[in-house]
Each structure stands twice: as C-alpha cells, then as structure tokens.
Amino acid sequence: MRKVLQATCLGSIAAFSVGAAVANDELIKMSQNPKDWVQPAGDYANTRYSKLNQITAANVGKLQVAWTFSTGVLRGHEGGPLVIGNMMYVHTPFPNKVYALDLSKDNQIVWKYEPKQDPNVIPVMCCDTVNRGVAYGDGKIFLHQADTTLVALDAKTGKVEWSAKNGDPAKGATGTSAPLVVKDKVLIGISGGEFGVQCHVTAYDIKSGKQAWRAFSSGTDDQLLVDPDKTTDLGKPIGKDSSIKTWQGDQWKIGGGCTWGWLSYDPAVNLVYYGSGNPSTWNPKQRPGDNKWSMTIFARNADDGKAKWVYQMTPHDEWDYDGVNEMILSDQQINGQDRKLLTHFDRNGLGYTLDRITGELLVAEKYDPKVNWTSGVDMNKSSPTYGRPKVLDQYSTEKGGEDKNTKGICPAALGTKDQQPAAYSPDTQLFYVPTNHVCMDYEPFKVSYTAGQPYVGATLSMYPPAGETHMGNFIAWDNKTGKIVWSNKEPFSVWSGALATAGGVVFYGTLEGYLKAVDAKTGKELYKFKTPSGIIGNVNTYEQGGRQYVAVLSGVGGWAGIGLAAGLTDPTDGLGAVGGYAALSNYTALGGTLTVFALPQ
Amino acid sequence: MELLHAPVRLPTNLEDKLLRKFWFAAAAMIFVVSGGTSFAEDAVDPAAVKSEDGKYFDKEGNPTFKVGADGTVDWYTYSGYRRYHSECHVCHGPDGMGSTYAPALTNSLKTMSYGDFVSVVASGRKNVSSSQENVMPALGDNPNVACYMDDLYIYLRARAHDAIGRVRPAKKEDKPEAYTQAENSCMGKK
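Chains as they are written, first to last, in this note's numbering: chain G, 1 to 601; chain L, 1001 to 1190.
Rather than coming from a laboratory, the hints here were simulated on the basis of the structure. Check the hints yourself; a few may be wrong.
Listed below are the simulated EDC-like cross-link pairs for lysine to aspartate or glutamate, each with C-alpha atoms no more than 16 Å apart in a straight line [said to hold, decoys possible]: (1) K306(G) - D229(G); (2) K521(G) - E468(G); (3) K404(G) - D1070(L); (4) K446(G) - D1174(L); (5) K156(G) - D138(G); (6) K183(G) - D205(G); (7) K1126(L) - D205(G); (8) K1059(L) - D1070(L); (9) K446(G) - D403(G); (10) K1171(L) - D229(G); (11) K1175(L) - D403(G); (12) K1172(L) - E543(G); (13) K306(G) - D233(G); (14) K253(G) - D222(G); (15) K165(G) - D118(G); (16) K245(G) - D290(G); (17) K1172(L) - D1070(L); (18) K35(G) - E543(G).
With the hints as constraints, model all of the structure from the sequences given.
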C-alpha cells in the first residue's frame, strides 16, 4: 500500500518506515524537499521560505500565468494549497471543499471532497467563512471544517478515514485554522472569541482520531495543562491557579483565548508554539483582571500538551489584539551568540523576539511607527512590571470607560497584522511582513452573554492614521534590532501571506488582487499581475516537471472584506458629507481562483 | 423562519423573558400581516410627525429619526449608531455600507418596512444556493440586539435616507428617562 502511495502521490521520496510514530520524521524530511509545499506554513518553523531559485530577482519580471483553477466558491479565500510530489491539494472557504489535482496530468481533479455542513454555522463565524488550509500526514489529508469537525481523508482517494467533532457551533465555536501534524498526532485550535467560547488546542491520534490531549487557554490548572512549579513565564514559575485568579468569578468559562492562528514546532525540543486570542467580551470593564492566558504565547510539549513556558503579551486586553499570529522559528546570532529564536508579529503592533527554549524576552518593538497605545514593554528584568506593556491612558478603553468613545487608537482592532503570515529568509535574515495601517475609535459598553450569540460589547470605527490615506505597508523587519529595514506603502491592508525564496524574491498579494514580487534586499517592486479578485491567500511555490511555480488563491473577503469593502470613514468628515477613503469595492469583487505563475518556457 | 435554538442564560426574571417573547410574537404578527418575505415597497415619508419620550414616529406610526438643523440627532439614532457598530458591522460593514458577504443596509432600508426589519433581525435569513452562502443569524434571542431593535431601525433608516452621514453623530439629544427604564428592564439590569 505504501509503495503504491509513494508512486502515485509522493513522487521520488526516499523510502520511509511503516508506523505512525515516525510520521514526524517523514514530514520533516518531506518539508525539506523544496519542490514540495508539504505544510500550510511551508515548514514546521513557519518560515514560508523556499530554497527554489529558478525564479530570481533578475528574471521575475518575466513571470507569466501558467494555469488557473476556479474553486467554485465565492467567499474569502485564506490559506494556500499543499503540493506533495505531483499532487496538489486545494481547499476552499465554506462549504470547505478539498480538491486533489494531479499536476502531472494537466491538473486533473483526481478526487473532490465536500463535507455536508449545517449552514447555520455561517452566522457564527465572525469574520467571513474562511479556512486556512489542509494538512498532510501519514498518507492522509486533514481538514478543519467550519463546524469544527476535524476530518481525515485518504490522500489517494479522498475517502473519509475518521472524523472528530472539536467543538459546538451552537455555543459559538467554529473552525477556520489549518491543522498541524506532529509525530503521531494532529493538532487543531478553535474559533469563537467573539462568542464567549472557552477555547483550546486539541491533539488527536493520527490513526484513530481519538483525542490525545486538550489544552485550554483559560481555566483551572488541569484544563490549562500546566505545572504550576515548572511552567514558567519570563523565567518564573506561574504558580497555582494562574488563570482563574486573573478573572472575576466564573468569567473564564466564557473567556475566549481562542486558538485560530498558526502552529509551529521545533522537533529538536519537541515543543509546539502558538498564541491565544482575545478575552471575551470586548468590553474590558466587564472582565477585570489580567485575563490569563488570553493574548499569550504558549510553548507546549507535543506528546502531552504540557506547557513549558508562556508569555502574555497584552494583559487585560482593551482593544481585541488577538495573540494568534504565527510564531516563526529561526536560528540566528545575537551579539555573536547562537540563539534559538521565536519571532512574532502581534496584532498589538509589537514585533517580539524571544528565546524559544526558555521563553526569555529579547526584543519587543513597534513594527508600525504609528502604534500608540503603549510606550513600550518593560524590558527591565528586575522591575515588578517586567514584560508588561506600558499602557497610555489616552488610548486605554478601560480608562476611558464604558459608554465613552476612546479615539485615535493605533492599531485598530484588526491589528498591525492579523492572521496573514509573514515570511523569513535565512539569506537576508529579514522578516517580510504584510501589515495593516489602520487606527480606530473604540467605545465599550455592557453586554450580556447568550450561548451561540455574539458577545462583543464595543462600538468600532476604523480609519487610516491621521493625515495618511494608505491603509497597508509591506515591510522588511530585522528581528534582532527591532527595526523596519524597508517599507512599501499599499493603498489597502496587505492581507495575504508572504513568501520568501532563495532566488532573492519576496512575493505577496494585495487586496485589489495584485500578486506582487519584490526584491528581498531592497523591496523594489519587480513584477505585478492583477488576479481575478482581491488576495487574502498565502503565496507559496513548488516545482513540477523542472519548472518553478508560484501559486496564490484570490477571493476577497475575510475581515478585510468588511471594513474596506465600501471604504473606511474619514473621521474628520463634516456633517453628513460623503467621505470615506478609497473603497476596495472600486477595485475588486468576489471571486475564487487559484492562479499559478511560472517563467516563460 | 429560521430560529437559532440556543439556551438563553441570563440573570433575568420571568417578566423580562416575557418581554423578549413579546418581541417574537410581535415580529411574527407583523411578519404575517405584511405579507411574507418580500420587501414591502415602502415609500412612506420618514419625516417625524410626533414624538413621545424622546422617540419619533412617522405618519404611519412607525419609529423614525429626527435630525435638527444643526445636525443634532435624536437619542435613538445615536444609540443605533453604537449598537450597529457593535453587533452588525462585522457582517454589514461600517455605517451600513455592506461587505463582501452581507448587503448594504443603507440600500435595504430604503424600501424595507419596520415590520420586515424586525422580523429579519429577530429570525435571521438564509440565502444558500450553489453560488452563495449568506446566512444571517436569528438575533431575537440576543438581548444585545433585541433590546435595541428600534434604535437600529431608526439609525439605519436615517442612513438610508441620507439624513446622517457616515460618521458618529456629533450632537445628540439627551437619553430619555423612559428609555433608560425600558433598557434596564429589557437587558435585565438592576
């Protein structure tokens, strides 16, 4: 069976031994094959970097569309396809179809999977019915459906091998994130931070679909999967009841801390890394306390889920700055010393660099100069507020209070960056980050909780920073010094995932629909092409038949599809004058296409 | 009518639960009376002809907005702006302008009657076909919406008739005492 699988699906990969326990080694090896794109984030370290170098800064200007594929769905298309040998696996937003295409046979559809889901899950998805992609492991394709079902499909035939229900949409839980296969398990998070769901990351056995462990973001120590004496926060043990004592009463039960972002993994130390989202509600006055462990970076043992270290970036969140963005792992030198790093571009506008083994905080700097809610993170190890951001009263919605409109906070709730993943190039040691350049007014007010209904509690109004009209930047970032190296303005938020290649090119997509290629060293724009719809997908690359291809999903939507569709409001607008910044709807409409580019033959 | 069945867990007393059930009953009655799911072609003049406790009504007796010459809006319009931008804008976009997956209510409210509005918000809407999957939840069970139904209608009606622009209303009438009482009673506040 494995030989057949190998021949038809996996191309020429070295023979691997039978058994799920080594799915880990198999995946590590596969993810090192630059011809493939085996994991949603490119590799376990979430670098979105490819060693392919057929396309270079010198020739990318000649890039052409090689082929296209319509997904048959019209909603926000996040994520990107997997490529394993000659097979490509394309996923879609709700209804979450999966197509298996044979790249060696004119991209023929070998099989198609379409789950039957109750459409009543749609209104429980706060920010469009997106999906960030499938995962591969042990001969199976794993799909995280909108209704939270995690389904394992035979990669050859698309047949369902097992399925597991991860949450309850009637209570507001849904699924949008991509799974991660680690050793003999599949890991998956869950969504519902705007619905008061007590969120978690769950590991399922890769062969049977049985739950192996589940780690909540808030709750009792048992639920958190922590050791009060061994799990550390900036070097200090977190102690007992570290979560529940930072909430009022039972509020942690509807606490949020959702885990709908990206997962990364370091096989050498067997640690999985991810971040948790906002605490529920958006009204900070209704949930006094630090609300741990929302807005937190977790480092957990992949076998049993036990947390080795944690770090909360935005204690007692007042702005919806979810901490779920990707944790990019890199090995770099700082001050002449080899360090094992974790770099994270948070919604809150700070670019963090940490030691991924110990959880030590090394750098926390603004990656958009307009970020204003904090004057910075206390980096003094002996200070009682070590590791905490200093919140400025003027931009504190807690200080402003209920029913008062706190104005001009930067970044807006959608953050300086949302889920759209950055890329890291070991060649330049720069991070390439798609950012939002948007500020907001935020007015909290009292709300009551109803299971399955939105539990929000704030009025939001978003707009570009004062005196500016552009709403996005694509930047290059030095994570050792915490500095922006170059920055390209974009009229709209850059909501696509970036790709860095050994050819010295960096790719990203824009909300108007352009696939762009820039020079990795200077940021100079080298190529652009307008695809059928706005891009919120993640660019990736693969090789087939000796040619390098670059692929990206187009299909405007996501949170960007809301705020930018009709243009944001000009806060200096006079009484009733028709204002508003350039509307995205002037540039693009709904779509659902995969566009694949290559150099001309 | 699609009703999202969810257990209602709120610290309310029986009286408030009955109030919410009243909304459903009223919505259902108005729904039936107005003849089904088609939009009533409503060319009713939105001008306010009478007021009661800071709330304005058009000549048909439906709630409406009142904008003064200097731009001062009535309390309900202002409150509707806030409630809209908490519960509705995540799908329907800022200022009722629509998104890639939910219609612009500044358009819809040009012709949608009060009765239709209440029934759609309370019981949701499903437009699922081979080319689209747009589903609106039933918000009648959500006091954060159900208690502010009129505020939302009045705000969106004002937007649909260009009576107010896209920004937060700068000047507003005071919050009427009767409003505070009704709000507390509906939301179950002490």
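Here's how the hints hold up against the structure:
1. Of the pairs offered as hints, the one joining K306(G) and D229(G) holds, with about 12 Å between alpha carbons and a cut-off of 16 Å not exceeded.
2. Taking the CA atoms of K521(G) and E468(G), the gap is near 26 Å; set against the 16 Å cutoff, the hint is violated.
3. Between K404(G) and D1070(L) the CA atoms are separated by roughly 22 Å; this puts the pair beyond 16 Å, and the hint is violated.
4. Restraint check: the Cα-Cα separation between K446(G) and D1174(L) comes to about 19 Å, which exceeds 16 Å; the hinted pair is violated.
5. Taking the CA atoms of K156(G) and D138(G), the gap is about 12 Å. The hint holds against a cut of 16 Å.
6. The hinted pair formed by K183(G) and D205(G) meets the criterion: a straight-line CA distance of about 9 Å does not exceed 16 Å.
7. Simply put, K1126(L) and D205(G) have alpha-carbon atoms about 36 Å apart, too far for the 16 Å limit, and the pair is violated.
8. For a cut-off of 16 Å, the pair hint linking K1059(L) to D1070(L) is broken: about 24 Å separates their Cα positions.
9. Restraint check for K446(G) and D403(G): the C-alpha separation of about 8 Å stays at or below 16 Å, so the hint holds.
10. Taking the CA atoms of K1171(L) and D229(G), the gap is about 55 Å. The hint is violated against a cut of 16 Å.
11. Restraint check for K1175(L) and D403(G): satisfied, since their Cα atoms lie roughly 12 Å apart, inside the 16 Å limit.
12. Restraint check: the Cα-Cα separation between K1172(L) and E543(G) comes to about 62 Å, which exceeds 16 Å; the hinted pair is violated.
13. Between K306(G) and D233(G) the CA atoms are separated by roughly 14 Å; this keeps the pair inside 16 Å, and the hint holds.
14. A threshold of 16 Å between alpha carbons decides the hint, and for K253(G) with D222(G) the separation of about 14 Å falls inside it, so the pair holds.
15. This hinted pair checks out: K165(G) and D118(G) have alpha carbons roughly 14 Å apart, not beyond 16 Å.
16. For the suggested pair K245(G) and D290(G), the alpha carbons sit about 9 Å apart, so the restraint of at most 16 Å is met.
17. Our distance criterion of 16 Å between C-alpha atoms is met by K1172(L) and D1070(L), whose separation comes to about 10 Å.
18. With a C-alpha separation of about 4 Å, the suggested pair K35(G) and E543(G) falls inside the 16 Å cut-off, and the hint holds.
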